[in-house]
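Participant: Each chain is listed here by its residues.
Number of protein chains: 4
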Amino acid sequence: MLNKFFKDINQIQFEGKNSKNPLAFKYYDKDQKVGDKTMAEHLRFSVAFWHSLMGSGRDIFGDPSIKRAWHNAKDPIDKAKETMDAAFELLQKLGVDYYCFHDRDIAPEGETYLQTVNNLKTIVEHAKELQKSTGVKLLWGTANLFGNPIYSQGAGTSPNAHVMAFAAAQVKNAIDATKELGGENYVFWGGREGYETLLNTDLKHEQEQMAKFLHLAVDYKKEIGFTGQFLIEPKPAEPSKHQYDFDAATTLYFLKEYNLIDYFKLNIEANHATLAGHSFEHELAVASAAGKLGSVDANRGDLLLGWDTDQFPTDIYQTTMAMMIILKQNGLGSGGLNFDAKVRRSSTDTIDLIHAHIGGMDAFARGLLIAHKIIEDKVLSDFIEKRYSSFNSEIGKKIMSGKADLREVEKWVSQAEKPILESGRQEMLENIINSYIC
Amino acid sequence: MLNKFFKDINQIQFEGKNSKNPLAFKYYDKDQKVGDKTMAEHLRFSVAFWHSLMGSGRDIFGDPSIKRAWHNAKDPIDKAKETMDAAFELLQKLGVDYYCFHDRDIAPEGETYLQTVNNLKTIVEHAKELQKSTGVKLLWGTANLFGNPIYSQGAGTSPNAHVMAFAAAQVKNAIDATKELGGENYVFWGGREGYETLLNTDLKHEQEQMAKFLHLAVDYKKEIGFTGQFLIEPKPAEPSKHQYDFDAATTLYFLKEYNLIDYFKLNIEANHATLAGHSFEHELAVASAAGKLGSVDANRGDLLLGWDTDQFPTDIYQTTMAMMIILKQNGLGSGGLNFDAKVRRSSTDTIDLIHAHIGGMDAFARGLLIAHKIIEDKVLSDFIEKRYSSFNSEIGKKIMSGKADLREVEKWVSQAEKPILESGRQEMLENIINSYIC
Amino acid sequence: MLNKFFKDINQIQFEGKNSKNPLAFKYYDKDQKVGDKTMAEHLRFSVAFWHSLMGSGRDIFGDPSIKRAWHNAKDPIDKAKETMDAAFELLQKLGVDYYCFHDRDIAPEGETYLQTVNNLKTIVEHAKELQKSTGVKLLWGTANLFGNPIYSQGAGTSPNAHVMAFAAAQVKNAIDATKELGGENYVFWGGREGYETLLNTDLKHEQEQMAKFLHLAVDYKKEIGFTGQFLIEPKPAEPSKHQYDFDAATTLYFLKEYNLIDYFKLNIEANHATLAGHSFEHELAVASAAGKLGSVDANRGDLLLGWDTDQFPTDIYQTTMAMMIILKQNGLGSGGLNFDAKVRRSSTDTIDLIHAHIGGMDAFARGLLIAHKIIEDKVLSDFIEKRYSSFNSEIGKKIMSGKADLREVEKWVSQAEKPILESGRQEMLENIINSYIC
Amino acid sequence: MLNKFFKDINQIQFEGKNSKNPLAFKYYDKDQKVGDKTMAEHLRFSVAFWHSLMGSGRDIFGDPSIKRAWHNAKDPIDKAKETMDAAFELLQKLGVDYYCFHDRDIAPEGETYLQTVNNLKTIVEHAKELQKSTGVKLLWGTANLFGNPIYSQGAGTSPNAHVMAFAAAQVKNAIDATKELGGENYVFWGGREGYETLLNTDLKHEQEQMAKFLHLAVDYKKEIGFTGQFLIEPKPAEPSKHQYDFDAATTLYFLKEYNLIDYFKLNIEANHATLAGHSFEHELAVASAAGKLGSVDANRGDLLLGWDTDQFPTDIYQTTMAMMIILKQNGLGSGGLNFDAKVRRSSTDTIDLIHAHIGGMDAFARGLLIAHKIIEDKVLSDFIEKRYSSFNSEIGKKIMSGKADLREVEKWVSQAEKPILESGRQEMLENIINSYIC
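Chains as they are written, first to last, in our numbering: chain D, 1 to 438; chain B, 439 to 876; chain W, 877 to 1314; chain L, 1315 to 1752.
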């Protein structure tokens, strides 16, 4: 096992819920069967290179607060390789099977376009070897189309065609890299695909640009035979004033409008959901109802703060609700639970990274166990089935099967007694959830 | 002219911007031409029966604070007739050509279903005569599917099929009433079409119910030959935890998903936009870009408060932005600007209703004048055209016309210089808007 | 035991956490000792007359959805007595020792001022007997200074002196009633004490009015020898645009500014905290740090909705954090945990009231057990103590004890090494909390 | 006149409201008398070094997008001097009389503490000469206690006493620098004075630390005879989860609690107000009512975004409301209107800085003109006076002068008719404001 950057840390073990060891799993037991799959198969955890390897603690008012041993090398390529080494060591010690990256996380920009392309290829080779030797896999790759200032006004939706072309070329290379590494998905997060002010914006033109941009990627995917799932990650705003992929429904509308719906699923992030005014489970439910819940960015936000805090998930209520939706749709397919989360700016030690991931993994393991039990017991599902049962007969059945028009409906209504509504029993259902927590 | 409930008030006149008379228009001059249409033709104002005739000042913590002379009659039908009389007097004195209503605003519920139906017919007859004698027209009708407690758990999306049928029958009668009165549109606002908790909700079933519900209405419309435009009014929440028609994009997605898109346009409300986390102009722009901006509920919210305050529109910036979008799409067609706004709970006098409408009408008249001038001067449009001009040639043109694939784009990029991004000039553009205000 | 309005319900029993009986406590075991007090002594639960006896399910868009058997009597006094009977039956069956009321909840307004006063006296007599026969006590009383439309523009802060006087007289009677019933506290919630628009408001005058208003009450309290604690309940807004008692700190400032600080403590409500942009525990912590945490309105809000949803508390994280603060200050003294919470509008059955209270009581019982264990184990407190330990020696000690001025501090700094900051360990601490949940 | 970094730009002239020149003032006419003072005397504009000279367009997702000619020098001291030169050139060309800075904006950190101190002294000398030669003055100085990662966990409220001491020494030098430059005020913005999680925080200890920290500064101020006004700038959060100076009222409470109230006034920022859930004018009104409105950070936020966007002020409604409050308290004394605002990240040209300031200055000049006219016409003040007039006689007068106790008030109420409430006329008042806009 790799042992260079996290020397003080042994592989994290499952010790059960009574363990007092902060560096052990209390609930996540990788090979434990829950239903017909192991926990690892259900949860498909992934470490985010972006935050956990590259995060520096910088915020809008302050300089980097976190120093990482893997960033010491002076030569950018050496530094990138060491960072990749650290990533795989972290993955192994956590027992996480997947990782995710942006192109610019793993390989430094060069002086010229070609140099940048070559840098990426160099590091992809390095990662490939590490994957082979460790068995760790790539959940998804993506391109960073927001950090470089040329993307200040958008990438696919830049008013500058050259920038759009530049972004498209970058995406091509990121897809190539993802394919080379056997990535199971490829993600688009349009961090600057939006507008700052309508005063200088042609909204429809930008939407059409974005559609073209994605069609280029779809065509290229087919051409090269990349079989991973394309995913779009909605977010309402930040850094832009408005982002075109505001939330799940908005994104699904866009994909339908521009004939892209067959090629994409959604990557739902908890904190992006709440920034859009939705609960995490709402966004998961909307995506799932459309058959489009492809993957999850598993973090949490602070609902009293108005920006993406990207905290590690710890709320058992949220992980339970999320796992109920995921279990009901029979898992995430090629997707997974990616910890798109960063340690707090004051959590400056390497060990904080470990605490953070343990906490997130245990929180989802608990959510899985609880959700599985709730589904098995059918308490909620029986209640819901009964609640809608009037649609299985009489006028309900007729309406739903298209066998009654408004005149007939009115006739039925005018002859019937007044409808009687039963209690929704929200409090009892909330109590039931609480009784499963533990 | 009717003169019973607003005896102290003469018809409001245009007196120009230097008038100090609070009961005169300073900007709204009905017959003044702006471009090729009169102000009245551009703005198509409508008084909302719901708020202005029926509003009582009740809020969630307090009893009605406003007493209206037209609510004195004891017999419900007499009261309804007097209220209708008051509406037309108000319309005439304001010089507003349109009004809008919910079925339950204008006609009281009866003991039985049939009685309720008959009550509505009685008042529709009364309104028809008033329309004839005054020339006032009906902008739209709608059904109140939220006030009656049987709709506590939804109307079209009620888990109770009987309730859904009841709602459908109610909609049939409301469409009949709207047709009878020559209504130019019919609106659906799904105030309870949403959920309180996912714990007792089958989200997909409810969406399918809603689709069936709307298809029933579409079929009926065709059958009876009602030619008005069907409109849906998005709102994110309140009173429900979540409403299915969250915002414009969400609603457009729903309409596409369920093959309803050809039969509906959107009625955008300013305050619903802001509750969904969008600016008013954003929602107008999204609807307009989709060719679906059908009508406007012209009010304003308080962005620091989390509920629908439904205040009369007074912010010239907002009315200007709104009119720019409306002018660019060449008007609202059969739609209009409906004052879905209520006087404050402490504005207890009848005259406050007059102040409120004068303020709203003047604010939109100013918005119209400013927007027209800005468009005529082409300051913004020239800037925008230039900003996107790189798409008219070279790689931009190729991409947008589908004549380059990713390989070609990359080749072009690798041979080109680095892209150069021009300033977005937001501050200058904001200053230009300010220079037109006045 | 009373047995008229909740006939189907026996007294709720503690059955332990493995019980599947939804009508049993899983955690709340009244007489169980936790530390040196019983659960009942720690938690001092109270039922809110306002919501649980008087709530009708009305919301801003809909009529009452909930019918209660105790509201059937036609005569207002009979109805009020039956409602009081129902309250005590509910209290007994839940095993709750306290209740709270507004004057207008328990006694109907009369035609004249004197009649209203007499109505209150009549019902107070009735309540007194019920208290005697059941042993239930009054946690606090208060006056409803927001429902009657004369309070539309404020009560103590009304611009109309007559209204202010009217409100003052009402408060006098409410204090009298509270004293008569042995109320342990008296609460002020200034639901309309704020403004709608600064355009018509003299903010300073209104603050001075409010101060006079409270001084009148303080003087009266002394005069009549009422020994209960006066409490103010902060809330930022709703129904008003702005409320003067925005949050704990704002209220403490007001009390200090007007020499009222010695006579008041705060009643912190969870949902009011979140509407003000604070977490529940923040407001508790601020009040407690000032020695002013007097009582708690134990409910929860929905952070994605912008109004007071007043839901029953069920989130174990929140109840744990709350109980940690309360235990650290050695309890709430004469205060308690009042369920200022209402069943959802769709929870239309009487049994829903029972489910709701069981859920709230169990949630706080769990919070108590967890918080007690955390405090006993000293995990967090040891961490915190160590974190601030540098203030126990050297320059830290000197500064805190006022023994160093800026020149000396600078001298020390200029001679010292650069400071070294230790990790804040937020993720580990969050994991520790999770390990106690269960 | 300096002419090096803004060579293409001449001094901005007043050309009146019909000018189409984007590089001219339309309303701000420095020497125009408004009442008994010139516009310059009323408005006391200040350029913020922080944003306008040092801003790079960096945001949390992207690298610097803005390059400034004055940042080209390699040597940090040369760069700092050139930046100061650019500042004064900008000030002169805008005709702005004041500037503000953080210590770290104007002078680079050195290797050692002493080097840092010396760097500041060097640049202060340079600034002093520029002030002398141009007549520009220093509105206020402050210390940046948030950028350096040692302040990650607070400065005055750091759990690390060494950090607190380090911050105190830094403040000493910043006060020295401010005094040396004749600064008229000194500001404290506690950007990291708050907490990230209560789990590791001793809230009361941190508040006491902060009080000690400020007392050290107060004592030092007296000792050295610095006569500028001390100001605190409230902000609720960001970057911290919670900031102790949440809003005006919270800050005033803190100052009172720790006997600091006599030594401080408030510097109110528009965008901080809205992040705290208040309108800009609310915070100004609260501070002014307490006699504590000392200065203003004149910017604007985006109420639909949850972070500090720090945009230049352009909304005439807001500048009007602000100037009404400022005029009523007879100006800001030694304070001013500091443009704590940054050009958008896409506004990458130097000229955008000019547009931005022109827009802000014109917006406040218009606000001044409108507010002055409204006050002169007494329309609002007469309305308000009449609204509260019942406090000038009878029971109102008695209550306010402390001459009636609750018994007497009740007696009066029981003999009087029911109170009659007059309309608050909000809509009419809003229309009046609109009639003055223009």
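One should not assume that every hint holds.
[Stated by the list, open to error] In silico DSBU-like cross-links for lysine-lysine, where the CA-CA straight-line distance does not exceed 35 Å:
(1) D:Lys256 with B:Lys512
(2) W:Lys883 with W:Lys943
(3) B:Lys455 with L:Lys1334
(4) W:Lys1168 with L:Lys1711
(5) L:Lys1518 with W:Lys1287
(6) D:Lys93 with D:Lys373
(7) D:Lys179 with B:Lys559
(8) D:Lys411 with B:Lys531
(9) L:Lys1334 with L:Lys1388
(10) B:Lys679 with W:Lys969
(11) D:Lys212 with B:Lys455
(12) W:Lys1204 with D:Lys7
(13) L:Lys1518 with W:Lys1204
(14) L:Lys1518 with B:Lys531
(15) L:Lys1732 with W:Lys1004
(16) D:Lys20 with W:Lys1254
(17) L:Lys1535 with W:Lys1273
(18) B:Lys841 with D:Lys292
(19) B:Lys512 with D:Lys241
Keep in mind that the hints were calculated from the coordinates and are not lab data.
Participant: So which hints don't hold here, by number, going up?
Facilitator: Hints 1, 7, 8, 9, 11, 12, 14 and 19 contradicted; others consistent.
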